[in-house]
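Whole structure, please, built from the sequences with the hints as guidance.
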Amino acid sequence: MRPRRPQSIARLSGWWFAAPAVTLIGVFFFVPVLASFGLSLTDFDIYALADVHRLRFVGWQNYRELMATPLFWQAFKNTLWFVVVGVPLSLAASLLMALLVTTSWVRFKGLWRSAMFIPVVTTLVGSALVFRYLLHTRYGLINYALHTLGVSAVDWLGDPHYSMPAIIVFAIWKNFGYNMIILIAAIEAIPSELYEAALLDGANAWQRFCFVTVPAIAPTLTFVTILTMAGYFQLFTEPYVMTQGGPAQSTMSVLYLMYDEGFKWWNLGRASAVAFVLFVVTYLVTLLQRRLAPEAEL
Amino acid sequence: MTRVLRLFALCVLSLLLGCDAHRSVTVLRFWAIGREGEVLAQLLAPFSAAHPEIEIKIEQLPWTGAHAKLLTAVAGDATPDLCQLGNTWVPELVALKALQPVDEWVRHSTIIDRSDYFDGIWATSQMRGQSYAIPWYVDTRLLFYRKDILRQAGFNRPPVDWVEWRTQMRAIQRLSPDKTALFLPLNEFEPMVALGLQFDTPLIDEAQARALFQSADFTTAMRFYIGLFAEGLSTKMTDQQISNVWTEFGRGYFAFYISGPWNITEFKKRLPASVQGQWATAPLPGPHGPGASIAGGSSLAIFKASAHPREAWMVVEYLSTPNVQERFHELTGDLPPRRSTWNLPAIAQDEYAQAFKDQLERVKPTPRIPEWEQIATELRVFAEHVVLGDYSMEEGLARLNESANRMLHKRRALIEAGEAL
Numbered sequence: 001m002r003p004r005r006p007q008s009i010a011r012l013s014g015w016w017f018a019a020p021a022v023t024l025i026g027v028f029f030f031v032p033v034l035a036s037f038g039l040s041l042t043d044f045d046i047y048a049l050a051d052v053h054r055l056r057f058v059g060w061q062n063y064r065e066l067m068a069t070p071l072f073w074q075a076f077k078n079t080l081w082f083v084v085v086g087v088p089l090s091l092a093a094s095l096l097m098a099l100l101v102t103t104s105w106v107r108f109k110g111l112w113r114s115a116m117f118i119p120v121v122t123t124l125v126g127s128a129l130v131f132r133y134l135l136h137t138r139y140g141l142i143n144y145a146l147h148t149l150g151v152s153a154v155d156w157l158g159d160p161h162y163s164m165p166a167i168i169v170f171a172i173w174k175n176f177g178y179n180m181i182i183l184i185a186a187i188e189a190i191p192s193e194l195y196e197a198a199l200l201d202g203a204n205a206w207q208r209f210c211f212v213t214v215p216a217i218a219p220t221l222t223f224v225t226i227l228t229m230a231g232y233f234q235l236f237t238e239p240y241v242m243t244q245g246g247p248a249q250s251t252m253s254v255l256y257l258m259y260d261e262g263f264k265w266w267n268l269g270r271a272s273a274v275a276f277v278l279f280v281v282t283y284l285v286t287l288l289q290r291r292l293a294p295e296a297e298l
Numbered sequence: 299m300t301r302v303l304r305l306f307a308l309c310v311l312s313l314l315l316g317c318d319a320h321r322s323v324t325v326l327r328f329w330a331i332g333r334e335g336e337v338l339a340q341l342l343a344p345f346s347a348a349h350p351e352i353e354i355k356i357e358q359l360p361w362t363g364a365h366a367k368l369l370t371a372v373a374g375d376a377t378p379d380l381c382q383l384g385n386t387w388v389p390e391l392v393a394l395k396a397l398q399p400v401d402e403w404v405r406h407s408t409i410i411d412r413s414d415y416f417d418g419i420w421a422t423s424q425m426r427g428q429s430y431a432i433p434w435y436v437d438t439r440l441l442f443y444r445k446d447i448l449r450q451a452g453f454n455r456p457p458v459d460w461v462e463w464r465t466q467m468r469a470i471q472r473l474s475p476d477k478t479a480l481f482l483p484l485n486e487f488e489p490m491v492a493l494g495l496q497f498d499t500p501l502i503d504e505a506q507a508r509a510l511f512q513s514a515d516f517t518t519a520m521r522f523y524i525g526l527f528a529e530g531l532s533t534k535m536t537d538q539q540i541s542n543v544w545t546e547f548g549r550g551y552f553a554f555y556i557s558g559p560w561n562i563t564e565f566k567k568r569l570p571a572s573v574q575g576q577w578a579t580a581p582l583p584g585p586h587g588p589g590a591s592i593a594g595g596s597s598l599a600i601f602k603a604s605a606h607p608r609e610a611w612m613v614v615e616y617l618s619t620p621n622v623q624e625r626f627h628e629l630t631g632d633l634p635p636r637r638s639t640w641n642l643p644a645i646a647q648d649e650y651a652q653a654f655k656d657q658l659e660r661v662k663p664t665p666r667i668p669e670w671e672q673i674a675t676e677l678r679v680f681a682e683h684v685v686l687g688d689y690s691m692e693e694g695l696a697r698l699n700e701s702a703n704r705m706l707h708k709r710r711a712l713i714e715a716g717e718a719l
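Respectively, the protein sequence lines represent chains A and B. With the numbering used here applied, the first sequence corresponds to residues 1 to 298, in that order. With the numbering used here applied, the second sequence corresponds to residues 299 to 719, in that order.
Think of the hints as simulated: they come from the structure by calculation, not from any bench. Values in this document were obtained by computation on a predicted structure and should not be read as measured data. Fair warning: there could be bad hints in the mix.
Each pair of labels, with its calculated beta carbon distance range [what the hints assert, rightly or not]:
#  : chain 1 : residue 1 : chain 2 : residue 2 : range
1  : A       : ALA68     : B       : ARG549    : 40 to 46 Å
2  : A       : LEU12     : B       : ALA715    : 51 to 57 Å
3  : B       : ARG549    : A       : ALA293    : 56 to 62 Å
4  : B       : THR362    : A       : VAL280    : 29 to 35 Å
5  : B       : ALA376    : A       : THR69     : 29 to 35 Å
6  : A       : LEU149    : B       : ASN621    : 31 to 37 Å
7  : B       : VAL337    : A       : PHE17     : 56 to 62 Å
8  : A       : ALA293    : B       : ALA715    : 51 to 57 Å
9  : B       : ALA376    : A       : HIS53     : 20 to 26 Å
10 : B       : GLN647    : A       : MET67     : 56 to 62 Å
11 : B       : ARG710    : A       : THR69     : 16 to 22 Å
12 : A       : VAL31     : B       : ALA718    : 33 to 39 Å
13 : B       : PRO360    : A       : HIS53     : 31 to 37 Å
14 : B       : THR362    : A       : HIS53     : 50 to 56 Å
Listed next, the in silico EDC-like pairs over lysine to aspartate or glutamate satisfying Cα-Cα at most 16 Å (straight line) [claimed, not checked]:
#  : chain 1 : residue 1 : chain 2 : residue 2
15 : B       : LYS534    : A       : ASP51
16 : B       : LYS395    : B       : ASP411
17 : B       : LYS355    : B       : GLU609
18 : B       : LYS395    : A       : ASP51
19 : B       : LYS566    : B       : GLU649
20 : A       : LYS264    : B       : GLU671
21 : B       : LYS367    : B       : GLU351
22 : B       : LYS602    : B       : ASP401
23 : B       : LYS602    : B       : GLU402
Glycine included, C-beta positions come from ideal geometry on N, C-alpha and C.
Here it is, written out as C-alpha cells:
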C-alpha cells in the first residue's frame, strides 16, 4: 500500500479540526435557512399548524403577493430610510468619538471609552423605555430642553414626521460605541512615523486626517460599514418597544412586517418570504459596497 | 383565649401538613392578561382556601404580547390548563384545535346557566354549534356624550337613531365651528365594525368564506361614517394627535365619543370636577332606532392538552358565580356577562353602566374566523385613505373587499375541499 500523500492527510486533519464548527454552523445555520426557504414556498399558516395536511406548495406566490402589498413597500421604504440616514450618522459618531479618545491631549481615556461603550452593553428594551420617557411630548427631558431654547414641543413618537428621526437618534446612541472600539484599535495601529512625516511636510490636522488616518483605516471602515448596515437593515426592537410600528406605519420595518406576518397572523410562509427578501437585499447592498469600497479585512 | 387559638392553629397546620403528605396537589396553570391578571389572585383566594387540593399558578401576560404567546404556546405544546382569551381570539384557537368544548359541562352545571348570559356575548365563543369558552366579562362600544353641550344645542336626550344623531351633531357643530361634534379616531376600526354590524347583511357570508364589504348594507354604513368626516362633524385625526381623550372631552372639544366600559372608570377619575355630572352614556344609535354594537370582552377557556380539565372547570365555574363577578366588577370595573349579576347592588347602582346593560341585549359577535383581526386592520387602512381623499368610497370598498377575500383564500380552498372549519 502506498503511503498517503502528506498533503491529503493535512487536508483531512484540517477538516477534522474544523468539523465541530462546521457541524454547528451546518445544523444551526444552513439547515434552518434552507428550511425557512422551503417554508417560504408554501402557504404554512394557522390552518396548517392545526393539521399539516393542509400545507400546500405554492411556488413563488408568497413573493409575488408581497411585491403587490403596499405595506411591504412602506416597510421597505422606512427600512431604507433608516439605513441611508442612520448608518452614515452612526459611523460618523463612532469615528468622531474614536478620534477624540485617541488624541494625545485627552486624559482618562479608559474612562471615556468605557463610558461610551456602556450603551452597547445595556439591554435594548430597558434603554428604549428610558428613551421613551426622554422623548415624551409633555414630560420628556428633550422637549424640556427644546422649550428652554424657545422651540415648541415636538410629538416625537406620535407624529409620523418625527418618529423615524427619533428612532434613528436612539439607534445611533445605542450602537456607536461598538464601532468606536473597532476604529480605536485601527487608529492606534497606525505607525506614528506616518504622522511625523506628514507634519514635516507641513500637513495640517485636517490634511493629516484625510491623507494619513482615513487611508490607513479604510479597510476597517469598510468592514464596520458592512456590519453596521447589515445590522441596521434588521431594524426591529427599537420600533417594537417605542412605537409598535406606528404612527401611521411610519416606523414599520421589514423585519417588523415579518414579525407581524409570522407571529401575529401566523402566516409563516409569507413571513419566511419577507425574511428572504430582506436577506437578498442586504446581500446585494453588501456586494455593491465591496465593489465600490477598498478591500476590507474580511 | 390566645392559647386556644394557638392550639387551634397548630391543629389546622398539622392537618394541612398531614394532607399534603397523603394527597397529591393538582397544579393548574392559569394565564391571565393585563389588569384582570393582576386581580385574579385576590379574586381566587376564597376558592383556594376552600380547595387546598388545587394549586392555581397564575401567570400574567401583557395585552400586547399575549396573543403571540398563546399561538406560540400552541405550536410548542406548552399551553396552560386554562386561560383568559380575548373573544376575537377564540376562532383562531378553535382553528388550531387547541380548546376543549364545554357544552357537556355547561349542560350539567348548576352554576353556569346559558339563558342567564347575553345572547350576543355567548355567541362569540360558539363555532359550528359548539361552545369553546365561557364569557368572563363583556366589552362593547357605545356613546359617551356631554349632557351640557347637548342641552346648549337644544336637546335634552341622547340620539336614538342616525338621523337624530346627525341632526344633533350638526346643531353642536353650528354652536362652535372650531370644535368637533364627534371624535372618531382614524386609527380605530371598532366604530366602523359596530356600525357595520347594525345591519342584517353580515360582514362575512354564511359559509364564512367570502367578505361582503360591497353589500348595500355595509355601503350604507360606510356612507354614514365617511359622511361624518366629509361634513366636518368629525375631524380627521388619530387619537395620537389630541393631547388625550380625557382632557379634550373635559374641555368639550368634542361632545360625542364612541368607547367602551373602561372609560367609565377613567372619566370618573380624570375628568375635572366641573364636568362630573355633565357626561353620560347612551346606547349606540342605529339606522332605525337603537342599534347593535360589538360583542367584545374576554372569555375563560380550557385547553385540550390540560391534564386536569375537571379542576379547571371548577375554577371557571367559581369565576362565573354572580357574587364573584360582582367582586370582579368592583376590582376592575369590568362588566359582567350574566343578567343576574347586573341585578346585584354594586352594578345596579352604577348609572353609567346602565346604558351598557341596555346595549348588551343588542350586541353581535364580529365574524368568527381566524382571519378577522387581520381583515379589521385593513378596514382601518381603508377608512384612512378614503377620509384623506386618496380614493372614493366605492373604490375603497372594492379594494377592501378584494384584500379581505385574498386573506380568506386559504379558508375558501379548505371549505371547498370539504373541510369543516
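Each hint tested on the structure:
Checked against the given bound of 40 to 46 Å, the beta carbons of ALA68 (chain A) and ARG549 (chain B), roughly 45 Å apart, stay inside it. Separation of LEU12 (chain A) from ALA715 (chain B) is about 54 Å and conforms to the stated range, judged on CB atoms against 51 to 57 Å. Take ARG549 (chain B) and ALA293 (chain A): their Cβ atoms lie about 57 Å apart, and the range 56 to 62 Å holds. Against the hinted window of 29 to 35 Å, the Cβ-Cβ separation of THR362 (chain B) and VAL280 (chain A) comes to about 31 Å, which satisfies the hint.
Distance hint for ALA376 (chain B) and THR69 (chain A): a CB-CB separation of about 32 Å, consistent with the stated range 29 to 35 Å. The beta-carbon spacing between LEU149 (chain A) and ASN621 (chain B), approximately 59 Å, falls outside the hinted interval of 31 to 37 Å. Separation of VAL337 (chain B) from PHE17 (chain A) is about 60 Å and conforms to the stated range, judged on CB atoms against 56 to 62 Å. At roughly 54 Å, the beta carbons of ALA293 (chain A) and ALA715 (chain B) sit within the given window of 51 to 57 Å.
Taken as a hint, the range 20 to 26 Å holds for the pair ALA376 (chain B) and HIS53 (chain A), whose Cβ atoms sit roughly 23 Å apart. Restraint check, GLN647 (chain B) to MET67 (chain A): a C-beta distance of roughly 59 Å satisfies the suggested window 56 to 62 Å. Separated by about 19 Å at the C-beta atoms, ARG710 (chain B) and THR69 (chain A) satisfy the suggested range of 16 to 22 Å. At about 36 Å, the CB distance of VAL31 (chain A) to ALA718 (chain B) agrees with the hint of 33 to 39 Å.
In this structure the hint that PRO360 (chain B) and HIS53 (chain A) lie 31 to 37 Å apart at CB holds, the actual value being about 35 Å. As the Cβ distance of THR362 (chain B) to HIS53 (chain A) is approximately 33 Å, the hint placing it in 50 to 56 Å is violated. For the suggested pair LYS534 (chain B) and ASP51 (chain A), the alpha carbons sit about 44 Å apart, so the restraint of at most 16 Å is broken. Taking the CA atoms of LYS395 (chain B) and ASP411 (chain B), the gap is near 25 Å; set against the 16 Å cutoff, the hint is violated.
Between LYS355 (chain B) and GLU609 (chain B) the alpha-carbon distance is near 13 Å, which keeps this suggested pair within the 16 Å criterion. Restraint check for LYS395 (chain B) and ASP51 (chain A): satisfied, since their Cα atoms lie roughly 9 Å apart, inside the 16 Å limit. Taken as a hint, the LYS566 (chain B) and GLU649 (chain B) pair is honoured in the structure, with Cα atoms around 12 Å apart against an allowance of 16 Å. For the hint pairing LYS264 (chain A) with GLU671 (chain B), the CA-to-CA distance comes to about 10 Å; that is within 16 Å, so the pair holds.
Taken as a hint, the LYS367 (chain B) and GLU351 (chain B) pair is broken in the structure, with Cα atoms around 29 Å apart against an allowance of 16 Å. As the CA atoms of LYS602 (chain B) and ASP401 (chain B) are separated by approximately 14 Å, the hinted pair is consistent with the 16 Å bound. A distance of roughly 14 Å separates the Cα atoms of LYS602 (chain B) and GLU402 (chain B); the hinted pair therefore holds under the 16 Å criterion.
Against the hints set out earlier in the document, violations occur for numbers 6, 14, 15, 16, 21.
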